[in-house]
Amino acid sequence: MNQPEMNRGPEVVVQRFIPASPARIFRALTVATELERWLFSDVETQPHKGGMYKMRWRSATDHSRDHDRFGRYLEIEHDRKVVFEWKGDPSQNLGLGDIQSTVVTITLTPEGGGTMVKLVHSGWPTDTSGQDWAGKHHDGWSFYLENLANYLTSGPDLRGSRHGQKVKSPVAG
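Our numbering numbers the first residue of the sequence shown as 68 and each following residue consecutively.
The set of hints was computed from the structure by calculation and includes no laboratory data. Fair warning: there could be bad hints in the mix.
Simulated crosslink set (BS3-like; lysine-lysine; CA at most 30 Å straight-line) [to be verified]:
| no. | residue 1 | residue 2 |
| --- | --- | --- |
| 1 | K121 | K233 |
| 2 | K185 | K116 |
| 3 | K185 | K148 |
Using C-beta positions, here's what the derived DEER-type ranges look like [to be verified]:
| no. | residue 1 | residue 2 | range |
| --- | --- | --- | --- |
| 4 | T100 | T195 | 20 to 28 Å |
| 5 | S168 | A99 | 32 to 40 Å |
| 6 | T193 | A90 | 19 to 27 Å |
Backbone N, C-alpha and C define an ideal beta-carbon position, used for all residues, glycine too.
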């Protein structure tokens, strides 16, 4: 696998059991319209190795908090694993500063009546800045995996109430 050279800074590791199949969770991790229901406000994806993605986080009220994440999919194992670069625009307030790129690896392991989702976010610098960004991303990923579980179990979308994030109305069914 051809991944960017990574620093040996802190790793963010978040795990969560979700009562849904690996196939269902994989779809929620790779389909743009599904990602928009639990993660970022606007998403474009090409979910295959080497494919690109762009995610836009939009505030409902404070646009100085708006930011983008983008990168390439480095590895895709259907219903098992998604690995992608995590880059930010340094010109945005919530860009990633001088950090060029980090890597997010999400693995799905069937367990009981659902799936253990393990997210590892690596490649952070070894300095204080890397520690700070890793801590913020640990909190963020913990929240978003909780929101993913809610989405897949018909629970509430917490993005607007907890973070003031702009969210799309649920699709009428």
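* To do: Quick one: which hint numbers does this structure break? Sort them smallest to largest.
  => 4, 5 and 6
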